[in-house]
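J.: Below, each chain spelled out in residue letters.
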Amino acid sequence: MTDLKTTPLDALHRRLGARMVPFAGYAMPVQYQAGIMAEHAQCRTKAALFDVSHMGQGVLEGAGAAAALERLTPADIAGLKPNRQRYALLTAEDGGIRDDFMVANLGDRLFLVVNAACKDEDFAHIAAHLPADVRLTVWADRALIALQGPAAEGVMARLGPAAVLLPFMGVAEVTIAGIPCLVSRSGYTGEDGFEISVSADRAERLADTLLADPDVAPAGLGARDSLRLEAGLCLYGNDIDRTTSPVEAALAWTIGKRRRSEWNFPGAARIRSELEAGTSRLRVGILPEGRAPARAHTTIHAADGAPIGAITSGGFGPTLNAPVAMGYVRRDLAAEGTPVALAVRGRMLPARVAAMPFVPHRYKR
Amino acid sequence: MSELKFTKDHEWVRLDGDVATVGITDHAQTALGDVVFVELPEVGREVAAGEACAVVESVKAASDIYAPISGRIVEVNGALGDNPGLVNASAFDQGWFFRIEPADPGELAGLMDEAGYAAYLETL
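Quick note, the sequences are listed as chains W and U, same order.
Just so you know, we're using my numbering here: the first sequence kicks off at 1 and counts up by one.
Just so you know, we're using my numbering here: the second sequence kicks off at 1 and counts up by one.
Since the hints were made in silico from the structure, they are not lab data.
The structure presented is a predicted model; accordingly, all values stated were derived computationally and were not measured.
Built from N, CA and C at the ideal position, the CB exists for glycine as well.
Watch out, some of these pointers could steer you wrong.
What the hints assert, rightly or not - Pair ranges (Cβ atoms, derived):
id, chain 1, residue 1, chain 2, residue 2, range
1, U, Gly110, W, Tyr87, 51 to 59 Å
2, U, Gly81, W, Ala355, 26 to 34 Å
3, W, Asn321, U, Ala48, 34 to 42 Å
4, W, Gly17, U, Glu51, 35 to 43 Å
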């Protein structure tokens with residue numbers, strides 16, 4: 001792993017005995033000594049701390065920033081209120097998804113968080129489409145720490161009480177244990193929680209302070225993946241990519257109402273026709289019967305044996321104590337409860353189309 | 001009870017009388033992480049040494065388990081169906097996978113002993 005980049009929390013991970021793996025060009029902790037099942041349970045019952053510093057952070061400044069970003073996404077950016085954050089998609093001209101990202105209105109600028117594997121391309125793409133009066137600054141010297149779980153609010157009440165006032169998808173500058181941070185009430189686990197942007201040189205001290213709370217334990221990418229899958233949240237590169245449209249991905253809710261009258265975003269022609277006529281496939285939840293997980297790329301079949309799609313994310317849901325998956329199926333077979341079969345190691349395992357999230361979201365609205 | 005033998009794929013084998021019990025090593029279960037599902041071979045199946053004949057699934061991934069020796073599967077560990085975590089908690093005892101009636105008990109001599117396996121782990 002010599003060519004891998006490291007996050008500002010690398011020394012902390014090694015001190016905590018993490019198992020490090022390559023992910024999106026970074027050495028990242030897949031799990032700590034507790035293991036994925038325990039780390040997953042920690043997040044659902046108390047609070048888990050995740051290092052997500054590999055993700056890309058940046059700010060857009062200038063009077064035309066919102067209008068400029070709207071030329072690259074179907075989301076309503078101009079209507080995003082100050083101190084509020086929104087989930088959005090960068091779309092391509094052919095209607096595929098370039099990336100999914102978070103955008104927050106900080107009053108005088110927009111704060112962006114994009115996927116690690118896409119960040120260089122995303123920021124180059126955004127920078128190439130800016131008018132002269134809008135400037136993109138990539139925050140390469142920042143860490144991003146997620147504190148997730150039902151006990152996260154209590155932890156913040158002790159260390160950075162102003163954060164507790166934030167509603168779900170609220171954003172504010174908050175001082176945590178004396179360290180200035182940019183905090184949003186959001187996450188990727190389905191639980192209440194916070195995502196904390198902090199300067200790289202203070203990240204380890206902040207993480208240590210949070211971890212000193214008896215309700216907090218570290219969790220790695222393994223638990224992050226099982227948590228987001230149970231929460232029905234997409235992983236870019238698995239569940240959405242350049243070949244999937246927002247409508248196929250059941251992410252049409254990210255398209256702003258005003259944008260649906262303007263149709264002036266990349267991919268508008270395809271997305272408009274799909275919203276009107278429907279798509280041939282849809283992203284759905286899949287619950288296999290029994291205990292065998294069905295992994296990504298498993299073929300999904302109709303009851304009559306015809307192939308109707310494929311799993312894009314699949315694994316074991318520790319909270320459900322059962323396998324969970326999501327994938328794309330033919331639209332006429334996408335209704336909740338539809339029986340399907342999954343081709344796993346040469347056998348057809350029974351499964352059914354299921355509503356997501358598999359584990360109810362517990363956001364603080 | 002005879003001594004444990006080991007493969008480079010991190011299975012262990014123990015011959016008791018005419019039947020060999022097979023499982024995965026502590027190193028293997030640690031590397032896999034929390035085991036959530038085990039697919040076992042059918043009793044009566046003839047397997048060749050090195051043949052994939054079981055699957056162990058952790059939260060993150062699926063891995064094949066190989067027959068360390070040739071023979072016929074005579075018993076599988078049904079307890080793993082309800083409690084696959086036994087593979088983690090008791091890799092060398094309650095977490096066993098299956099039992100083989102060896103076609104040629106002499107094949108066991110070609111596997112590593114405990115010291116040999118420990119030395120092999122050092123090279124990884």
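J.: Should the hint that U/Gly110 and W/Tyr87 are 51 to 59 Å apart at their CB atoms be regarded as holding?
T.: holds, 57 Å
J.: Taking 35 to 43 Å as the stated bounds, is the beta-carbon spacing between W/Gly17 and U/Glu51 within them?
T.: holds, 36 Å
J.: At the C-beta level, are W/Asn321 and U/Ala48 separated by a distance inside 34 to 42 Å?
T.: holds, 36 Å
J.: Are U/Gly81 and W/Ala355 spaced within 26 to 34 Å by their CB atoms?
T.: Given range 26 to 34 Å: holds, Cβ gap about 28 Å.
No hint from the list above goes unmet by this structure.
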